[in-house]
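Residue numbers (this note's numbering), protein chains in the order written: chain A, 4 to 330; chain B, 999 to 1164.
It should be emphasised that the hints constitute simulated quantities derived from the structure, not laboratory data. Errors might be hidden in some of the hints.
What the hints assert, rightly or not - Partial list, computed: chain A residues near chain B (C-beta under 8 Å):
1) L37
2) N106
3) I311
Even for Gly, the Cβ is constructed at its ideal location relative to N, Cα and C.
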Amino acid sequence: MKPFDYQRAHGLGEAHQLLVADRARPIAGGTNLLDLMKLEVETPSALVDLNRLPLGGIEPRGEGLHIGALVSNSACAADPRIRSQYPVLARAILAGATFQLRNKATTGGNLCQRTRCYYFYDLAQACNKRAPGTGCAAVGGFNRIHAILGASDACIATYPGDMAVALSALDAAVEILDAKGDKRHVPVRDFHRLPGDTPERDNVLEPGDVITGVVLPAPVGGTQLYRKVRDRASYAFALVSVAAVVHLEDGVIARARLAFGGLAHKPWHDPRVEQLLEGQAPSDALFDEAAILLLDQARGQGSNDFKIPLTRRTLKAVLREATGGTL
Amino acid sequence: MPITINGVDHALDVDPRTSLLDFLRRDAGLTGTKKGCDHGQCGACTVLLNGQRINSCLTLAVMHDGDSVTTIEGLGTPDAPHPLQAAFVRHDGYQCGYCTPGQICSAKAMLDEIAAGWTSYVSDDVAGTPVLTGEEIRERMSGNVCRCGAYSNIVAAIAEVAGAQA
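Chain A with its partners taken away, still in its complex shape (with noise of 0.2 Å):
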């Protein structure tokens, strides 16, 4: 690990000064900035431990909730309110990772955590997120994991969280403080990027932004889940995930919400999918229809070509479920 000044903040107005300077970088949980700086893919100059701040509450907010951006995982998971209120991001918070991590994981952490491309992590290869300029070496590689969405040239990395694809279906926001202390907020489904020509940039911080947390809108019921297809049963990273919420009145699909993990540089979101399935009667019909207009523009890589069925198939199973019918 290269050397790096430890700072800690004990103040918002002080993280913001602090994490201004060049190459600084902020910390909480630290599960994948750690990992990343001990292989040297990361290198901060200096690291803004915001861990002291006032961030670890879930309060009412309106009519739904704050998550403050300290809250760990777990805790979030726990909630009680979440749990029964926002089951779907409980669920899906539940499917990353292990208890370990995610006791020390954090929603503001979660959202920033990076790609698990191959070629991001291995310092021998080109890669235009690491290094901007020198190609990207998964194209024509192992892309097995790979986006097969919103990709571009540049990049075909995918964003790997659970938390942010469920945030995304339930059209949450994150609450951003920015350096002259002015707040603002970002929808999560705005607040990743494509990666374009641009892909070293995950998603819209500016420097010294501070992520404080994460609105939840007022509950809306529905049928909530969360399904993540892995290649092992536990500890995985999803080759393709749905967040799912469901309202099923008088036999016709009144209002669904979904998005999609493991497809693309940010969770999935596509309105035209929604729109589609609201108004009609569940059948397997519609939910080819949902499936072949959610992939219209899809394009595998190679190795990662069985990502087309393999989400044509996870959104009508999760469809089914969802709108009472069987697996």
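Starting from the known structure of chain A, arrange chain B on it as the hints suggest.
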């Protein structure tokens, strides 16, 4: 402020790069906690931080002044083993033993999590009260890898202490 390890205070005068794991082993002389992968993938370094299980390889010692850490040395001794330690011996829940301290610290925290009502990915009702089945134990222990493959005996040892059916 010092860090408290198994009830004893230790000064944190170390290079900021020092992981909690390296601090435990090198600076505090507590070599029961093991370094396996050093990347949070194997669980051999699992310790209890303020009562919760974590991977000690993926956190910096300097972040933990004022915190309380329990390692395998703090759970039991050869003369007075923790019930989980005794059950691992009884059920032969290891072969080489390298993962065992992490397995036992992890299992200790897992039983506390069940008592606190935490559900898991395999729980039928995420808002309900968890029931400790063999499937639940396997899901909840997936962060602890045993390269010798002693898993079935590990599950049996934990199930016995928890009073669950494996």
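Point to revise | In rising order, the numbers of the hints this structure does not comply with | key: 3
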